[in-house]
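Novice: Generate coordinates for the entire structure from the input sequences, incorporating the hints supplied.
Numbering (this note's numbering), first residue to last: 49 to 164.
The set of hints was computed from the structure by calculation and includes no laboratory data.
Heads up, some of the hints might be wrong.
[Unchecked claim] Straight-line Cα separation of at most 25 angstroms, DMTMM-like style, residue types lysine to aspartate or glutamate; simulated pairs:
(1) Lys82 <-> Glu65
(2) Lys101 <-> Glu116
(3) Lys146 <-> Asp50
(4) Lys131 <-> Asp50
(5) Lys82 <-> Asp50
(6) Lys131 <-> Asp120
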Amino acid sequence: MDKLEHIFSLQAAFDQELARRRGLDYDFSTWVQKEALAIMVELGELVDEVNYKWWKNPRPVEARAVQEELVDILHFLISLCLKAGLSAEGLYQAYLEKNQENFRRQEGTSSKEGYV
Numbered sequence: 049m050d051k052l053e054h055i056f057s058l059q060a061a062f063d064q065e066l067a068r069r070r071g072l073d074y075d076f077s078t079w080v081q082k083e084a085l086a087i088m089v090e091l092g093e094l095v096d097e098v099n100y101k102w103w104k105n106p107r108p109v110e111a112r113a114v115q116e117e118l119v120d121i122l123h124f125l126i127s128l129c130l131k132a133g134l135s136a137e138g139l140y141q142a143y144l145e146k147n148q149e150n151f152r153r154q155e156g157t158s159s160k161e162g163y164v
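Specialist: Quick look at the structure:
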């Protein structure tokens, strides 16, 4: 099992246990909304860690706190992937395809207009 598959496996086990313990039985649309909102909240916590509030005195940025918020975001992202039926391999392949397309867009070789 590779590392990404391991992460997916751990998240699936956590999600199943959480749903069992809390009696969570939402439909797909509701799950997507809840997971997406959780990701947005975690993104807010991430920007809180890097002094985005120009009206406040800045404080030292702690790399560890930034890393913890990134891991929180990853938890919800993987959970959302699982609910959408996207496996570790599926996510990896989709990433590769999108990454290639992003390069094509920057190089002006994409079939999509408006990038170069």
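Novice: Next step is simple, just say for each hint if it's right about the structure.
Specialist: Here is what the structure says about each hint:
| no. | hint | verdict |
| --- | --- | --- |
| 1 | Lys82 <-> Glu65 | 17 angstroms, holds |
| 2 | Lys101 <-> Glu116 | 20 angstroms, holds |
| 3 | Lys146 <-> Asp50 | 21 angstroms, holds |
| 4 | Lys131 <-> Asp50 | 20 angstroms, holds |
| 5 | Lys82 <-> Asp50 | 28 angstroms, violated |
| 6 | Lys131 <-> Asp120 | 17 angstroms, holds |
When the structure is compared with the earlier hints, a violation turns up for hint 5 alone.
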